[in-house]
Every structure is written in structure tokens, then in C-alpha cells.
Amino acid sequence: MSPTTREGGRRAPSRVARLFRSRTTQGFLFTAPLLALFAAFVIYPMAFGVWYALDADSYRALFSDPTFRQTVVNTLWYVGFAVNVKLVLALLLSGILDFQFAWIRVLAALFLIPWAVPALPGILSFRWMLNSQWGIFNHLLGKFGFASVPWLAQHDTALGAVIVFHIWKYLPFWTIIFLAGRRAIPNELYEATAIDGASALQNFRYVTFPLLRNLYLICTLLSMVFTLGDFTVPWLLTGGAPGDSTHVLATLAYRYTFQMGRLEWGLATFAVALPVTLGFIGLLLRWVKI
Amino acid sequence: MLALGVPSFPAADALAADKLVVWWNKGYYPEEDAAMQKIVKEFEATHKAEVDLSFTAQEDLLKKITAALIAHRVPDVAFCFYNDWQVVPKFGWDDQLADVSDVIQALRPRYNEKMLPVAFVLNGKTKKRAYYGVPIEAQTMHIHYWRDLLREVGMEDDPAKVPMKWDDYWNYWKKAQDALRKKDPAKYGKLYGLGMTESTRASDTLYNFEMALLSFNGETVDKDGKVVADQPKNREAIIKTLNWFGELFTSGYVPPDATNWTDGDNNAGFHSHTIVMTPNPSQSIPAAQFFNKDDPDKKNYFDNMATIEWPDGPDGKKARYLSAVKTIIIPKDSKNPRLAKEFIKFVVEKNRFTEYIKAANGRWFPAFTDVAADPFWRTGHKGPKGQKDMHVPVATTIFLDRENKVFEHYKNPAFSQLYDENVWGKAMARIAIDKWSADRAADEAIERMKAIFAGYK
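Protein sequences, first through last, are from chains A and B.
Per my numbering, residue 2 is the first one in the first sequence, and the count goes up by one each step.
Per my numbering, residue 46 is the first one in the second sequence, and the count goes up by one each step.
No lab work stands behind these hints: they were computed from the structure.
Just so you know, not all the hints are guaranteed correct.
From chain B, some residues computed to sit far from chain A (all C-beta separations above 12 Å) [unchecked claim]:
| id | residue |
| --- | --- |
| 1 | Glu87 |
| 2 | Glu400 |
| 3 | Asp484 |
No more than 27 Å apart at the CA atoms, straight line, and that leaves these computed lysine-lysine pairs for DSS-like [stated by the list, open to error]:
| id | chain 1 | residue 1 | chain 2 | residue 2 |
| --- | --- | --- | --- | --- |
| 4 | B | Lys170 | B | Lys338 |
| 5 | B | Lys159 | B | Lys173 |
| 6 | B | Lys210 | B | Lys220 |
| 7 | B | Lys232 | B | Lys338 |
| 8 | A | Lys144 | B | Lys219 |
| 9 | B | Lys480 | B | Lys495 |
| 10 | B | Lys232 | A | Lys144 |
| 11 | A | Lys144 | B | Lys285 |
| 12 | B | Lys235 | B | Lys220 |
| 13 | B | Lys285 | B | Lys495 |
| 14 | A | Lys144 | B | Lys228 |
| 15 | B | Lys64 | B | Lys109 |
| 16 | B | Lys235 | A | Lys144 |
| 17 | B | Lys173 | B | Lys427 |
| 18 | B | Lys450 | B | Lys362 |
Quick caveat, the model's predicted, so the values are computed rather than measured.
No residue lacks a Cβ here, since even glycine has one placed at the ideal position from N, Cα and C.
Next up, chain B with everything else stripped away, as it sits in the complex:
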């Protein structure tokens, strides 16, 4: 740990003027990395520049970027799936990121405006907002379920026939668990209806909490990023939300290990058919099934599973959604910011970026309207027997046709810490494990939130 203080060797990041160091999030699928390598080769050829491209898995890349920014030994361009909430608000506030407002202005006509605020963050030194990241793609909340499990116990498996009223919706999956366990106790005795992540180790927990809080009409900050979680209406909504999660966990329909899950554990549980449904804030689950080598006919993707929307709120209103918009950053200490900006503009050019993002198989939705206009996003893939895609078009509907806003971490840099600490996940654990009341857990979380926000003035 203390070795952090040792100066790094200059050879590691000695950048020639025409050399660009790019750290890129390793894709979930080889096709994504191949598409990025192709873009880099084209850039090198057209710009007569050398690009040192490296791919790193998301958890490791976040640590690498964080350490680099702390040590001021940085790459020229960095794209990590965690940049949006763990890097941009905090390091934008610390004045460690390059202002890329000029890039945003150049690309503005192409942007889905709803996704832009995510990178418009406050700089603690200048006390002004600017764009400290370039949004490129987004994820939102989807719920995936096994249609074959529902069929096995005679329940409706068509997404259009799943009840969308709040209580009916959640009870539907509980009913599926009961029916499956009853039908075949040996096979399904340890199956659970709801793969709801409630762990401080998973960012999915934040997504689940924020989505449920929206359903209960609660807010934690106002439009200026000031804490309003303690206002009676919002406190009540937070209590209801936490209470709902607590009851869900203790009801016996959520796996007991859900309080210890990482982001990959609900995916793993779903793929192994040990949970009937799971909320997941990206299309990684169906995308993984699409590339499943053990299922060459893609039966799982087209026939056995489906993606469905979040239910209507307890008040009967249509669900409102949150998008996490992934952003590219240029550190302020970049040796070559001009070329870095050129590189980003090059990557997001329509045809080039369309090829790149489609390689992720619909896992991400583009932040650019011209790329999103590609018919793929509305129709998705076509099955070998002509089956309809029940995943990608659902995400497109959520992004384009539903009320959808970006996560609010851009409003205040304190959100980085709030989410890093997973304060809401901790509140869930207080109820599920420490057996606290929802009121007490909510009050502790709200106090913690206020204390964290007080540190950013």
C-alpha cells in the first residue's frame, strides 16, 4: 500500500507527442475488443499517431484510473464503465479532469440530450460546471425472467401477460417459486423467485434502491444537488422503500446470500436457473445467452427467457427509469489532450461507433440519436426460426419511450462517496441482518448522506 508513494518509472508513461495512451474497459465479448482495436488501427493510419491501447476488466480499471489520477501519472484517454459515478464527479471536483466541453459542443447535435447532464459536473476549484467526460453509451434497469420455468408450472410466460401492477408483479415471481418448489422439490427445492441484489458489494443494489425509490415517489436531492432526503415526504418514501426491500428479503423469496452478492452473482444465479427473475441494469444477461456456445440454436435467448419492464409504481403510475451513462475521460495531466479529443471524436463517428456498440450485442444503448436510429435497436436480432428478439427492443422502449433520466450523481460530487459507501445497501443490511426497523435504518442512512454531502462545499 505504501508503495504508492514511490514514483513510477518514467518509461511506463513517457509519452511522445504523437503517442496516445488509451486505457479501455475490456468488453464482455471478444467482438467489442476487436471493434475497438480496428478503430485504433484506423486512427493510427489516418492521424499518423501511435496509440498504446490496453484493455482492463472494469473493477481493475477503476483502481488503475484512481491510482493514476492520485499519482498524476495518467493515460491520455480512459474509458471505464465506472467513470460516470466513481471518477467524473469526484475527480472533476478535484480539478483533475480535462474540460471537454468543446468536444461535447461539436457532438451536441447528435446527442440524446437526456444523457448529456451526466458529465456536466462541478469543479471544486473554479466553482463552475463543465463537461468533464464524453458520454457514449447507457444502461438502464431491465428485469429478466425464465419463460421456460413459468411454462413448466402453467403460468403465463408472455411478457405482455405478466401483471404490471406493483404488488401483483412481485407476487407473480413468488407464486412461480412456490409452484416450482411444489412441483419438483428435489429439482427446485433451492430455487428462488426473486434475484434481488441487496448487498453493499454490488452497484446493482444502488440501482435497485433508486428505482424502487422512484416508484415510491421519493427523492434524495433537489435540482441543485442539495439533500432533501430528510424532508418528511422523502423520508417517508425512503422508509417505505427500505421496508419493501426488508420484507422482500425476509419473505423467503430472495436467496439468503443476496446480501453478500457481487454484481455478477445475480447473473450467475440466473444463468444457472436457480432464480426465476432478476433485475439487472444492463443487457449483459441476455447478451451472454446470445453468445452461449452450449446453445447454438439460441433457444435460451429467443424462446426460454424474456426481458420485461419495471412494474408500475404502488400509486399505479408508469415506471420512471434511471440511466447510467458511460463516459470517456481525459485526465487534466494528459500529455496530449488535443490528440485525445481527436481520438474520442474519431471513436464516436456514426458508422464506426455503430459497429463498436453493436458488437456488445445490445448490452449498451447509444448516447447518439443517429446511432440509435439504426433499426437494430427497435428490432434486435432475428432468431433462427424467425423468432422475435424479446430483449434489445425492450431496452430501446425504456430509453426512448419511457420517462427516463440520468442518475443524479452529476448534481453533487458527494454522490461518488455516497455510492462508493453504498449507503442504501448498508441500510438494507441493517434491516435484513441487524433486524433494525426501516425507520431507524433510513434515519442512519439519511444522516450519513448529510454528513457526506457536508464535506463538499
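Looking at chain A on its own, in the form it has when it is part of the complex:
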């Protein structure tokens, strides 16, 4: 039957009309603006970045730069150590905040302040506190008869300061996530273990943690992805100093790109981390079964 055949007095819809009436086409048209934005602001920059990062000379330059090698080690410390310490603490603290006392609510509100405070004033305050001449930490050390420490002027303490600030700043957020996870555990399970005479530790080991395990792993992966790209904390706290020894990949890429005008090196720096990031994302997607 041709499209123009009359049937029951109604004209059969043309091919174009049918195409527009198709739910697939309508769906595509409705999502087209979003797809266009996605293409312009995600696909194109990604493709541009990958194209730029394919230059083998960039990798030769990176791997011959001693700062880059140190940076990879720092990034591993930052992502591996800071994230895990932060999440273990968050898991434990969420247990404290789960108690149903009025003062706990006040404590929870106070506890959220570091997360709510904008990063910049927080970091600048921390820098002042760590100043070796005038900072409060050295002032207190002096009061107790200890020698002052050049916190930001030596590698270990400077990188340690970055890690500590990261934990201080983001611990409340993950604690609240775990608290929400704890609250979602049915109370009946705890009532049952109470009848069996389980201790608090046994409750945690056999009920809480098994039910939070997936959430914990997802949070770990998410936090690792966020932290791998974190620029603000290391840059504002140490700027890579002393002696370019505290850079992480994000700050080094910035330095290559905007201070040295080497966009290709900056992109290659990120490309080095890309397999790890994609690995995390792949695991994450598999875990949440998307």
C-alpha cells in the first residue's frame, strides 16, 4: 500500500510525518539540545585533548622531567593515603553521629562547618597557621619547648599539610553520606542482634559494615576520582613548593599549560592519569550496575 492510499476516509501519514511521530525521533529531538551541549563541551574538548595528548614527544619531555616523577609519587600518596584515611574516619564518625542525642545534632552541625566553608579562606587560614615565623602551630610548639618546624618549607610536612587539609575539608561530606547509609539499615536487624546478645563491635562487623560495604566502595572510588583531579588544595596551600616537590598531577598540568605555555605537556600529564581514572569509573559503573 502506497502512503497516499486513502483508507477509511483518512489520508495515510506521509513518511516524514511518520518519522516525526515516531517516539524515537521525538525522543531524539527533545534530547538534541542536551546532546549538542554534550558534544560541544564534553566530546569535542575530550577529542581535542586526546588528539593533543597523542604527541609522543610530550611523554618523552614529561618522563625526562624529574619534577614529573616526583609528582606521580605525590599523587599516589595524595589519592591513596588521604582518601582512605578520610573514608575510614568518616565511617567511624558516622557511627558517633548516629546516636540519637540532642547534643549530637549540635555536634553534627559544627562538624559540617569545614565542608561548608569556602576552600579559599580555609586554605589561606591554614597557610597562616603553618607559617614558620608567626603561625599558631609553631607558637604552640614554642610554648611547650619544642623547636619550630618549617611546615611548608620541607617536602614531607608540606605534602602532609595538603593531605591533612584535604581530610579536614572533605571528611564531613563523606561522614554525612555514611550516616545516611547507616540510617537506611532496618532497625529490626539491630533488634535481632540485641536479642542474640551481640556487642557493639559485633553489630558493626556483622550488620553495619556488610550492609555499608557497597556504599563504602562506591564512595572510595568517587572520592579517588575527585581527589585525582583536585587542584585547589595543593595549589593554594603549597603551589608545588618547596622546590617543586609537592606538585600533584593537576597542579603540574596547570604549571605546564599556563606558566610554561605547553598545552601539549599539560594534556599529556592528564592523559597519564586517564587510564587510572577510567579504571575507577569502569569499576564504579560495574558496581552500581549501570
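Once you've looked at the hints, dock chain B against the given chain A.
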């Protein structure tokens, strides 16, 4: 970061033929910006052109210029305090800057010839040198100190009486620290004698290193821009220089945070009286005190502080100086290079430029002899009680009466990267923080320098 790849919107830089986009370094003082705005208004009136002038702080402007050149979406004229060593050698080599040799030729009779080489850089595409920037003003090394602190412990505060022999000079500031701490431990317990920047975050570190290396008679490149840092005489000078910085840092007379300082931190330390002296490659410190609203009688500027020269070298020879000469660039992709060149010539006309540069209060020294002939540069300001200026004339002496040459980054584009990486600052950190020997730190830095230079052939 990846958003760099997104094409910018044309409205941001769509330039009409009679419109000029000018990116200018924000001045340290409002008077500088006002002087530039006045020049722009005059230019618009006389040339019937529209000028889109914007001021940006130096660190941000460098990033803005770098991103613009990479993306080929550029202004017509850009003046940043970092152009001379971070833009001109690199982007001249990459063939991204307009050849302004015709502007230089037109202005040549007015130039202080010593300052011109800074913009005469190599183009990697044509393999020829040309002027890829227009030098306008310069800075050199000065040392500032608090006279009132010296007076407080009975030490000579007159610059003419400060010992200028190498060891005596540096020991003088150490002695001041010891005396002040002893006199009033509560007040001066955390004061340091020497505000010597030794950080990879600060360009002051490069200046300090290069000045000290000159004092130790070392060179890193020859006249053709080839690396000679590894030659025995120069390697030895580099080791001595690094060793000197290392000993200075560990001696307890330099603030421990100096390895983490930015360019502004020694200024801040000095203004807050927590260091007795600091080397600084511009007159920004006294200029800031001149405009200090908390000191309306300008006691700090005229009575409490002074500027002094770098000491004689360890061999007893008078100090040799390096100048950093600030340059205006025109990107090759400029939509209106003819008008851009007209604009630059207009800005640097004698009377107009004199007004502009004097608004910086002596922070910069003019690259033009007729502007430098203004009596201001020899006499400076006069104090409210008739006091002599102890800052601006010192800089003029260094520029005009001392052996003075421009930084050598014009010789090889690799210098941009060498300085960007702050290789010498890193070597200082190796000694001060990682406890390396000066030999080992010097060898690592020299190897890095050779590797960087090998990339520009």
C-alpha cells in the same frame, strides 16, 4: 582544562578594523592605570579609533596571554611584566609574534642601546632573529633595608657606611639580626637579617641566583646562546653560588619559609619589619611605602629605609648587574597590526611616556634616554622636610653608571623553559631541603639545562 579546546565565542574578540584590543598589566598604583587610560583616550581622539583597554594583574595576564596565543584568539597589543622572559623568547621562536623591527628602527635613536637586545630573539621557523617586542621599561637588582632597625642597635644606617666587601656585607645583616634579637627577644625573636628568596615559586629567586653567579664570575651560556654551564670554570662558579645560597639558608639568618615564598612574600616580610634587608628586583618596596596611607609624612620612605647596591664580588670587583626589560608585544594573529604599532609609538612618545612611567613612582626605569634624562631619575622625590630620596637615584646609578646587561633569555628560547622550571631555585631547594651537596645539585641543574636547550635546535 579540556575546555581550552572549545572554540571561543567570536563576540569576545571580533575586532572591527578600527578597533584595537589592548591587554595591559595592571599597575601597582592607581596612578599608573589612570595615566594609561588618559593615553588611550588621547589615542582614540587623535586616531579616530576605538581602543578596548583592559587591565589584568600580572600573574593572571601571563596566563591569559599564553592561552590566547595557544588558541590563536589574541589581542592586538599586550603588555605584561612577564613578557620579556616568558612570552617573547618562546612565542617568538614559535612564530606567533609580529615582527616589530620597524617600530624599533623608528625609535632607535631614543633607546638606551643596552636594553634593546632583550626583544631581539630567534624565530624557529625562519631561523632568523628579529625584534618581537618593544622594550619600554626596566628593573634591576636593589637591596632595601630598614635604617631604623640598624639605628636601634647602634649600627651605621647610612648606605655609604655599610661595608660593600662581599663577606662583610652579608655579615652586616647577620650582625643586625643577632643584635636585635639580643636587645629585645620578645619583639625581635623571630626577626631575620636576610630576606633572601630561595623558592621555585618566585622569579626573584632567578634574579638572586643570576646576580650571585655574576659575582662568582660564572656564565651559563656563551654569546650565541649555547650552554657553557658545564665548562669547569662555570661549573665551579655555579657550585660556589649554590653553596653560598645553601649556607645562607642553613645559617639561621634567612626565614625558613624563604624556600616557599612567592614574589610578594619578601615584600610582605620587609613591610612588616620581620626582616632587616631584602634583595628585590624592582623598586616596588619603597614605592609602596611612598604611597603608604598610614605614613602621611613618608617617614618610612625618607628616613626609616634605604636602598643600597649589591656588594662587590668575592674577588673585590664592583658588582655587575642584570636588567629585566619589560616589553610590549603584538601577536602575529592581531587583526590590526598597523594600528597596534601606531598605538605603541603613541604610548612611548617622550612626554606621554614620562608621565606614565613616573606614575609608577620609580618602580621602573625608562628604556628611552630622553625620558631617563628627566631630573626625577637622578634626584627622585623630595621629602616634606627636604630629605633626600634614597631609592630612585640608587636605581638610576645602577642603570646608568654601573656595568649592566639585560638577562640572557633573548639568546636562546630555551631560557623561557629554564626560568619557568626555575631550575636554579630547584637546585637551591635540593641543598636547603634535600640536603644534597652543592656539587650534586649543580650537576643535576646543569644536566637539566642541557636537556632543555637540546629541545631548541
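For Lys64(B) and Lys109(B), compute the direct alpha-carbon distance and say whether it is at most 27 Å. holds, 20 Å
Least C-beta distance from Asp484(B) to chain A larger than 12 Å: The claim holds: Asp484(B) sits with its nearest Cβ about 17 Å from chain A, beyond 12 Å.
Under the criterion that the straight-line Cα-Cα distance not exceed 27 Å, is the pair Lys450(B), Lys362(B) satisfied? Distance of about 16 Å is within 27 Å: holds.
Pair hint Lys173(B) and Lys427(B), alpha-carbon separation not exceeding 27 Å: violated, 48 Å
Hinted pair Lys235(B) and Lys220(B), Cα distance within 27 Å: holds, 15 Å
CA of Lys285(B) to CA of Lys495(B), is that 27 Å or under? holds, 20 Å
Holds or violated: Lys144(A) and Lys219(B), Cα atoms, limit 27 Å. OK: Lys144(A) and Lys219(B) at ~26 Å, within 27 Å.
Could you grab the alpha-carbon distance between Lys480(B) and Lys495(B) and see if it respects the 27 Å cut-off? holds, 23 Å
Can you confirm whether the C-alpha distance between Lys210(B) and Lys220(B) stays at or below 27 Å? OK: Lys210(B) and Lys220(B) at ~15 Å, within 27 Å.
Lys232(B) and Lys144(A): Cα distance at most 27 Å? Given pair Lys232(B), Lys144(A) holds - Cα atoms ~16 Å apart, limit 27 Å.
Taken at face value, is the distance from the CA of Lys285(B) to the CA of Lys144(A) at most 27 Å? Given that 27 Å is the threshold and the Cα spacing comes to 39 Å, the pair is violated.
Below or equal to 27 Å on CA atoms is what counts here, so check Lys159(B) against Lys173(B). Holds, at about 21 Å.
Checked against the numbered hints given earlier, the structure breaks hints 4, 11 and 17 and satisfies all the rest.
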